[in-house]
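Let the hints inform the model, and build the full structure from the sequences given.
For the record, the sequence lines run as chains A and B. Per the UniProt record's numbering, the very first residue in the first sequence carries number 1; after that it's consecutive. Per the UniProt record's numbering, the very first residue in the second sequence carries number 1; after that it's consecutive.
Since the hints were made in silico from the structure, they are not lab data. Keep in mind it's a predicted model, so treat the numbers as computed, not measured. One or more hints might be untrue.
As the list claims (entries may be wrong) - Ranges between beta-carbon positions, derived for each pair:
no.	chain 1	residue 1	chain 2	residue 2	range
1	B	R220	A	A141	23 to 31 Å
2	B	D93	A	V167	29 to 37 Å
3	B	S17	A	G95	54 to 62 Å
As the list claims (entries may be wrong) - The following residues of chain A were derived to be distant from chain B, with all beta-carbon distances above 10 Å:
no.	residue
4	S17
5	H34
6	H72
7	E84
8	G91
9	P117
10	T143
11	L147
12	D160
13	H179
What the hints assert, rightly or not - Selected chain B positions facing chain A (in silico; Cβ < 10 Å):
no.	residue
14	E33
15	V39
16	A87
17	R122
18	R166
19	V167
20	I171
21	H179
22	N198
23	G212
Built from N, CA and C at the ideal position, the CB exists for glycine as well.
Protein chains: 2
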Amino acid sequence: MTTATTPSRNTRTDRASLTREAILTAAERLFAEHGVFAVSNRQVSEAAGQGNNAAVGYHFGTKTDLVRAIEHKHAVPVEKLREERVAAMAGKDAGLRDWVECLVLPLTDHLTALGNPTWYARFAAQVMADPAYQQTVTRDALTLPALIVVLEGINRCLPDLPGHVRVERNIMGRNLLIHTCAEYERALAEGTPLPLTNWRTAASGLVDALVGLWLAPVTR
Amino acid sequence: MTTATTPSRNTRTDRASLTREAILTAAERLFAEHGVFAVSNRQVSEAAGQGNNAAVGYHFGTKTDLVRAIEHKHAVPVEKLREERVAAMAGKDAGLRDWVECLVLPLTDHLTALGNPTWYARFAAQVMADPAYQQTVTRDALTLPALIVVLEGINRCLPDLPGHVRVERNIMGRNLLIHTCAEYERALAEGTPLPLTNWRTAASGLVDALVGLWLAPVTR
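What follows is the structure in structure tokens.
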């Protein structure tokens with residue numbers, strides 16, 4: 001009996017896992033292109049080739065659960081790349097630029113590894129522009145150990161800034177990084193002429209800009 | 001006969017102008033909240049209280065024409081504020097921070113003058129995230145004389161940067177400014193706690209950050 005049921009169970013598991021993957025891919029692209037609010041679970045199910053319009057609900061639950069699952073799919077490899085960078089810095093006298101590189105490069109290297117076209121940067125930009133999803137995704141991100149080490153590293157290297165300026169620069173840095181990556185990703189995907197041709201070049205400019213933003217004199 | 005037709009014509013003109021205004025207001029809010037792509041002309045007509053679903057088409061033409069009309073409605077007072085700031089700088093030895101203030105403050109002062117809640121910053125963020133509308137709105141903006149004077153002023157004060165770095169910093173600065181203003185606007189509208197309580201405080205932090213971004217050393 002065991003040998004008879006195991007293959008059938010595996011087949012069912014494989015099929016469920018393929019369906020989940022198809023839904024994640026379709027949803028990421030639709031959310032990236034049209035915004036999370038604008039896309040219904042029904043449209044995602046259809047785009048994923050599911051005859052059953054309730055497929056998203058069955059496999060993921062709510063739309064928030066689906067957004068979290070897409071983010072998680074990328075957060076895992078990005079966190080792994082970040083761990084490697086953090087490990088490589090051990091014993092070095094790391095400065096602000098090193099820590100900002102540990103923030104930016106795992107993201108841009110992940111986008112490089114996915115191969116053009118990607119939708120993750122545009123998906124992230126849409127998610128971060130929605131306060132409810134932004135909170136959920138940020139809460140999930142703050143459970144990633146390497147990311148926390150990097151954010152603490154950046155914090156240690158900053159000049160003595162008033163608390164509210166730190167908060168504002170966090171917001172501005174996040175908007176600069178996420179929305180510029182989204183714009184670059186769209187240009188790379190659509191073949192629009194840009195001054196940069198790959199993510200590694202883009203990353204260098206982003207790191208310089210973020211360091212400049214964080215170190216800017218406070219006039220207020 | 002003339003005295004008989006004139007009032008009726010005026011009434012018709014007034015009514016048309018009220019309808020146009022109602023459509024602009026409804027569309028700005030819907031586009032700001034849900035994105036330009038996600039909202040149909042029919043939804044705009046309904047939200048503007050127009051029984052006729054073709055009202056947007058009749059009064060504005062295409063969706064692009066409607067987006068341009070909303071942008072124009074704000075660009076006129078922003079340009080006027082910018083003209084005043086540029087005029088006040090005449091004869092002074094203006095530096096980068098002065099020119100960046102001429103870029104940012106007319107926008108934040110306009111948002112202050114509109115009174116909370118506003119939707120324009122979120123509308124602009126949605127428009128700038130869509131390549132087609134971004135191009136159209138940018139082309140329209142580059143006919144505004146005071147804006148051009150300010151952009152040239154910023155350009156003259158920059159260190160000697162490679163051409164591609166200038167282009168990248170333009171993109172990063174625009175994303176920082178527009179998406180941070182959109183996030184602040186949403187927080188002010190929804191009463192979310194923020195480190196800043198008004199646009200003038202926000203503007204000071206934005207100007208510092210943009211100056212830091214523009215002056216950041218180039219490592220590449």
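Tested hints:
no., hint, result
1, R220(B) <-> A141(A): 23 to 31 Å, "holds, 28 Å"
2, D93(B) <-> V167(A): 29 to 37 Å, "holds, 34 Å"
3, S17(B) <-> G95(A): 54 to 62 Å, "holds, 59 Å"
4, S17, "holds, 31 Å"
5, H34, "violated, 6 Å"
6, H72, "holds, 24 Å"
7, E84, "holds, 21 Å"
8, G91, "holds, 23 Å"
9, P117, "holds, 14 Å"
10, T143, "holds, 23 Å"
11, L147, "holds, 21 Å"
12, D160, "holds, 15 Å"
13, H179, "violated, 4 Å"
14, E33, "holds, 8 Å"
15, V39, "holds, 8 Å"
16, A87, "violated, 23 Å"
17, R122, "holds, 8 Å"
18, R166, "holds, 8 Å"
19, V167, "holds, 4 Å"
20, I171, "holds, 6 Å"
21, H179, "holds, 4 Å"
22, N198, "violated, 12 Å"
23, G212, "holds, 3 Å"
Of the hints listed earlier, those the structure fails to meet are numbers 5, 13, 16 and 22, in rising order.
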